[in-house]
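Chemist: Modelling step: build the complete structure from the supplied sequences, incorporating the hints.
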Amino acid sequence: GRRLRNPSLMTDRDLAPLFLSRGEAFIAGAHWAAAQAHSDEHVLSNVCWGLELVLKAFLLAHGVTDDHNRRVHGHDLLKAAAAGQQLGLALDRKAKRFLTDVAPYARRHAIDEALARRPDLMQRYRPLQRADEIVQEVKRACADGLAPATDATSSGHRG
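According to my numbering, the residues represented by the sequence shown are 106 to 264, in order.
Just so you know, the hints here were simulated from the structure itself, not pulled from any lab data. Hints are supplied without guarantee of correctness; some may be wrong.
[As the list claims (entries may be wrong)] Computed list of lysine to any residue pairs in SDA-like fashion (alpha-carbon distance at most 25 Å, straight line):
1. K201 x E242
2. K199 x A133
3. K184 x V240
[Said to hold, decoys possible] Restraint ranges, calculated between C-beta atoms of paired labels, are given here:
4. R231 x P209: 16 to 26 Å
5. L192 x E238: 32 to 42 Å
6. Q141 x D171: 30 to 40 Å
Ideal Cβ placement from N, Cα and C applies to all residues, glycine included.
Modeler: Now the structure itself:
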(Lines of atoms letter the chains of each structure in order from A and count residues from 1; the text may use other names and numbers.)
(Lines give C-alpha, C1' and ligand atoms only; values in the text may rest on other atoms or scores of the structure.)
Protein backbone atom coordinates (compact mmCIF):
# COMPACT_ATOMS: atom_id res chain seq x y z
CA GLY A 1 0.00 0.00 0.00
CA ARG A 2 0.84 3.63 -0.16
CA ARG A 3 2.94 4.94 2.69
CA LEU A 4 1.79 8.17 4.29
CA ARG A 5 4.34 10.91 4.58
CA ASN A 6 5.76 12.19 7.83
CA PRO A 7 2.76 12.74 10.17
CA SER A 8 4.15 16.11 11.24
CA LEU A 9 3.88 17.27 7.61
CA MET A 10 0.35 15.95 7.02
CA THR A 11 -2.49 18.30 6.24
CA ASP A 12 -6.17 17.85 6.97
CA ARG A 13 -6.57 16.94 3.29
CA ASP A 14 -4.44 13.87 4.01
CA LEU A 15 -7.17 12.64 6.38
CA ALA A 16 -9.67 12.23 3.51
CA PRO A 17 -8.63 8.66 2.54
CA LEU A 18 -8.74 7.59 6.19
CA PHE A 19 -12.21 9.07 6.69
CA LEU A 20 -13.41 7.43 3.48
CA SER A 21 -12.08 4.00 4.41
CA ARG A 22 -13.54 4.20 7.93
CA GLY A 23 -16.87 5.34 6.52
CA GLU A 24 -16.88 2.48 4.04
CA ALA A 25 -16.13 0.08 6.91
CA PHE A 26 -19.19 1.27 8.83
CA ILE A 27 -21.33 0.87 5.70
CA ALA A 28 -19.88 -2.62 5.10
CA GLY A 29 -20.79 -3.34 8.73
CA ALA A 30 -24.34 -2.22 7.99
CA HIS A 31 -24.52 -4.62 5.02
CA TRP A 32 -23.21 -7.44 7.22
CA ALA A 33 -25.68 -6.59 10.01
CA ALA A 34 -28.57 -6.60 7.53
CA ALA A 35 -27.47 -9.96 6.10
CA GLN A 36 -27.34 -11.35 9.64
CA ALA A 37 -30.87 -10.04 10.34
CA HIS A 38 -29.71 -7.59 12.99
CA SER A 39 -32.10 -4.83 14.00
CA ASP A 40 -32.92 -1.96 11.66
CA GLU A 41 -31.53 0.34 14.35
CA HIS A 42 -28.14 -1.41 14.16
CA VAL A 43 -28.10 -1.28 10.36
CA LEU A 44 -29.23 2.35 10.10
CA SER A 45 -26.87 3.53 12.84
CA ASN A 46 -23.92 2.07 10.95
CA VAL A 47 -25.14 3.65 7.71
CA CYS A 48 -25.36 7.07 9.36
CA TRP A 49 -21.96 6.82 11.07
CA GLY A 50 -20.46 5.71 7.77
CA LEU A 51 -22.09 8.49 5.77
CA GLU A 52 -20.89 11.10 8.23
CA LEU A 53 -17.31 9.98 7.64
CA VAL A 54 -17.74 9.64 3.88
CA LEU A 55 -19.23 13.14 3.56
CA LYS A 56 -16.44 14.56 5.72
CA ALA A 57 -13.89 12.74 3.53
CA PHE A 58 -15.30 14.63 0.55
CA LEU A 59 -15.06 17.93 2.43
CA LEU A 60 -11.50 17.22 3.59
CA ALA A 61 -10.47 16.31 0.03
CA HIS A 62 -11.81 19.70 -1.06
CA GLY A 63 -9.85 21.73 1.49
CA VAL A 64 -12.28 21.97 4.39
CA THR A 65 -10.43 21.51 7.67
CA ASP A 66 -11.16 18.79 10.19
CA ASP A 67 -11.63 21.49 12.83
CA HIS A 68 -14.25 23.22 10.65
CA ASN A 69 -16.03 19.90 10.11
CA ARG A 70 -16.16 19.29 13.86
CA ARG A 71 -17.27 22.83 14.79
CA VAL A 72 -19.71 23.54 11.96
CA HIS A 73 -21.00 20.17 10.75
CA GLY A 74 -20.61 18.03 13.86
CA HIS A 75 -22.76 14.93 13.46
CA ASP A 76 -25.20 16.70 11.11
CA LEU A 77 -25.46 14.76 7.86
CA LEU A 78 -27.53 17.51 6.24
CA LYS A 79 -24.99 20.23 6.98
CA ALA A 80 -22.15 18.06 5.70
CA ALA A 81 -24.12 17.11 2.59
CA ALA A 82 -25.08 20.74 1.88
CA ALA A 83 -21.45 21.83 2.23
CA GLY A 84 -20.45 19.01 -0.10
CA GLN A 85 -23.02 20.06 -2.66
CA GLN A 86 -21.63 23.60 -2.59
CA LEU A 87 -18.27 22.07 -3.48
CA GLY A 88 -19.66 19.98 -6.34
CA LEU A 89 -20.98 16.80 -4.72
CA ALA A 90 -23.99 15.61 -6.73
CA LEU A 91 -26.66 13.99 -4.59
CA ASP A 92 -29.79 12.70 -6.27
CA ARG A 93 -33.32 13.35 -5.07
CA LYS A 94 -33.55 10.01 -3.24
CA ALA A 95 -30.32 10.63 -1.32
CA LYS A 96 -31.45 14.14 -0.36
CA ARG A 97 -34.82 12.87 0.89
CA PHE A 98 -33.19 10.11 2.89
CA LEU A 99 -30.68 12.49 4.49
CA THR A 100 -33.42 15.03 5.22
CA ASP A 101 -35.50 12.46 7.08
CA VAL A 102 -32.73 10.67 8.97
CA ALA A 103 -30.29 13.52 9.75
CA PRO A 104 -32.21 15.08 12.67
CA TYR A 105 -32.20 11.70 14.43
CA ALA A 106 -28.65 10.73 13.48
CA ARG A 107 -27.37 14.05 14.81
CA ARG A 108 -28.81 13.15 18.25
CA HIS A 109 -27.95 9.43 18.03
CA ALA A 110 -31.70 8.75 18.14
CA ILE A 111 -32.05 6.26 15.29
CA ASP A 112 -34.52 4.23 17.37
CA GLU A 113 -36.78 7.30 17.45
CA ALA A 114 -36.50 7.76 13.68
CA LEU A 115 -37.59 4.17 13.13
CA ALA A 116 -40.45 4.49 15.65
CA ARG A 117 -41.75 7.64 13.95
CA ARG A 118 -41.20 6.27 10.44
CA PRO A 119 -41.80 2.51 10.56
CA ASP A 120 -41.42 2.38 6.76
CA LEU A 121 -38.06 4.19 6.74
CA MET A 122 -35.98 1.17 5.72
CA GLN A 123 -38.33 0.15 2.91
CA ARG A 124 -38.99 3.72 1.78
CA TYR A 125 -35.36 4.84 1.51
CA ARG A 126 -33.35 1.63 1.18
CA PRO A 127 -30.50 3.15 3.27
CA LEU A 128 -27.91 0.55 2.24
CA GLN A 129 -28.45 1.36 -1.42
CA ARG A 130 -28.46 5.12 -0.72
CA ALA A 131 -25.20 4.80 1.25
CA ASP A 132 -23.54 2.80 -1.53
CA GLU A 133 -24.61 5.40 -4.09
CA ILE A 134 -23.31 8.28 -1.97
CA VAL A 135 -19.96 6.51 -1.49
CA GLN A 136 -19.66 6.00 -5.25
CA GLU A 137 -20.51 9.65 -5.91
CA VAL A 138 -17.91 10.83 -3.37
CA LYS A 139 -15.29 8.63 -5.02
CA ARG A 140 -16.28 9.87 -8.48
CA ALA A 141 -16.29 13.52 -7.43
CA CYS A 142 -12.92 13.27 -5.71
CA ALA A 143 -11.11 11.05 -8.22
CA ASP A 144 -7.46 11.61 -7.27
CA GLY A 145 -8.43 13.91 -4.40
CA LEU A 146 -8.69 10.97 -1.99
CA ALA A 147 -5.10 9.86 -2.42
CA PRO A 148 -2.82 11.07 0.35
CA ALA A 149 -1.06 14.25 -0.71
CA THR A 150 2.66 14.18 -1.17
CA ASP A 151 4.95 16.90 0.12
CA ALA A 152 5.06 18.35 -3.39
CA THR A 153 1.30 18.30 -4.03
CA SER A 154 -0.08 19.29 -0.66
CA SER A 155 -2.08 22.49 -0.84
CA GLY A 156 -2.16 25.20 1.75
CA HIS A 157 -5.91 25.81 1.43
CA ARG A 158 -7.48 25.59 4.87
CA GLY A 159 -11.24 26.20 4.23
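Chemist: Look at each hint and say if it fits the structure.
Modeler: Against the structure, the hints:
| no. | hint | in the structure |
| --- | --- | --- |
| 1 | K201 x E242 | 13 Å, holds |
| 2 | K199 x A133 | 20 Å, holds |
| 3 | K184 x V240 | 17 Å, holds |
| 4 | R231 x P209: 16 to 26 Å | 19 Å, holds |
| 5 | L192 x E238: 32 to 42 Å | 18 Å, violated |
| 6 | Q141 x D171: 30 to 40 Å | 33 Å, holds |
Against the hints set out earlier in the document, a violation occurs for number 5 only.
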